[in-house]
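**Student:** Sequence:
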Amino acid sequence: GQRAALSRVRNSGRGPRSFVTVPASHNTFDANDALLNAVTAWSFYPKLAVREGKGWRNVANSQSLSLHPQSVNKLSPALNPPSYLSFYSIMQSNSRFTNAQETAPADPFVLTLLAGDAKFDLYAGVVTIDGNRLRFKVNSWRTCYAVKMLRTKIKEFLAREFRQPGRAVVADRQKAWMKLFGQVFENVEAGRVR
Numbered sequence: 001g002q003r004a005a006l007s008r009v010r011n012s013g014r015g016p017r018s019f020v021t022v023p024a025s026h027n028t029f030d031a032n033d034a035l036l037n038a039v040t041a042w043s044f045y046p047k048l049a050v051r052e053g054k055g056w057r058n059v060a061n062s063q064s065l066s067l068h069p070q071s072v073n074k075l076s077p078a079l080n081p082p083s084y085l086s087f088y089s090i091m092q093s094n095s096r097f098t099n100a101q102e103t104a105p106a107d108p109f110v111l112t113l114l115a116g117d118a119k120f121d122l123y124a125g126v127v128t129i130d131g132n133r134l135r136f137k138v139n140s141w142r143t144c145y146a147v148k149m150l151r152t153k154i155k156e157f158l159a160r161e162f163r164q165p166g167r168a169v170v171a172d173r174q175k176a177w178m179k180l181f182g183q184v185f186e187n188v189e190a191g192r193v194r
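Residue numbers for the sequence shown, in the UniProt record's numbering: 1 to 194.
Bear in mind the hints are in silico, worked out from the structure with no lab data behind them.
A couple of the hints might just be wrong.
Calculated lysine-lysine pairs in the DSS-like style (CA-CA distance at most 25 Å, straight line) [as the list claims (entries may be wrong)]:
no. : residue 1 : residue 2
1   : K155      : K175
2   : K153      : K179
3   : K137      : K54
4   : K153      : K175
5   : K137      : K148
6   : K137      : K47
7   : K119      : K47
8   : K47       : K155
9   : K47       : K148
10  : K148      : K119
11  : K137      : K155
12  : K179      : K155
13  : K175      : K148
14  : K137      : K153
15  : K179      : K148
16  : K137      : K119
17  : K119      : K153
18  : K74       : K54
19  : K47       : K74
20  : K155      : K119
Owing to the predicted nature of the structure, the values given are computational and were not obtained by experimental measurement.
I would like the entire structure built from these sequences, with the hints used as guidance.
**Tutor:** Listed below in structure tokens is the structure:
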């Protein structure tokens with residue numbers, strides 16, 4: 001079935017390239033831009049820019065950045081511009097500006113779930129990522145604990161999927177966690193998570 005078709009396309013090194021229809025079982029959240037931006041931010045991390053006043057700062061090394069003049073994120077600023085942008089590369093222009101290129105918005109809540117190594121201070125209500133590279137305030141210790149649990153379950157699920165992609169049987173409890181994960185991204189996309 002699906003595996004044989006994918007293997008034929010993958011192993012055919014000669015001739016024209018074939019487009020592959022992604023199986024529905026692996027294409028659950030294809031219309032969710034927040035999830036796609038989250039995966040982009042997670043894969044490029046720590047290539048992340050944080051808004052500082054009118055400009056941007058590279059999270060990895062605190063270098064001042066600007067956006068490429070042709071960037072979608074620079075040309076069409078939204079009413080509520082993103083606080084974080086993931087980027088693919090930075091280049092110095094002729095005018096000595098360091099421009100971030102190929103940017104995508106990154107939601108702060110998503111970064112607490114996926115980026116780096118997190119430390120949760122339940123009493124202070126603070127989530128710290130990679131030492132002090134990213135720091136987020138959480139409303140209450142209960143919320144902080146819920147985010148910690150969701151992050152732990154997501155990391156466990158993803159680690160298992162990376163070790164044995166598509167082979168391991170997903171338990172009902174893990175399906176419930178992944179459903180919750182999907183709902184989080186639906187709320188992020190709708191702007192209900194802050």
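**Student:** Now, for every hint given, state plainly whether the structure supports it.
**Tutor:** Here is how each hint holds up against the structure:
1. K155 <-> K175: holds (14 Å)
2. K153 <-> K179: holds (12 Å)
3. K137 <-> K54: holds (22 Å)
4. K153 <-> K175: OK: K153 and K175 at ~11 Å, within 25 Å.
5. K137 <-> K148: With Cα atoms ~13 Å apart, K137 and K148 stay inside 25 Å; holds.
6. K137 <-> K47: OK: K137 and K47 at ~22 Å, within 25 Å.
7. K119 <-> K47: holds (20 Å)
8. K47 <-> K155: holds (20 Å)
9. K47 <-> K148: Within the cut-off at roughly 23 Å; holds.
10. K148 <-> K119: Satisfied, since the Cα-Cα distance of roughly 9 Å is no more than 25 Å.
11. K137 <-> K155: holds (21 Å)
12. K179 <-> K155: Since the Cα atoms of K179 and K155 sit roughly 14 Å apart, the hinted pair holds (cutoff 25 Å).
13. K175 <-> K148: holds (18 Å)
14. K137 <-> K153: holds (21 Å)
15. K179 <-> K148: Holds. K179 to K148 sits at ~17 Å (cutoff 25 Å).
16. K137 <-> K119: holds (12 Å)
17. K119 <-> K153: holds (15 Å)
18. K74 <-> K54: Satisfied, since the Cα-Cα distance of roughly 11 Å is no more than 25 Å.
19. K47 <-> K74: holds (18 Å)
20. K155 <-> K119: Within the cut-off at roughly 14 Å; holds.
When each numbered hint is compared with the structure, no violation occurs for any of them.
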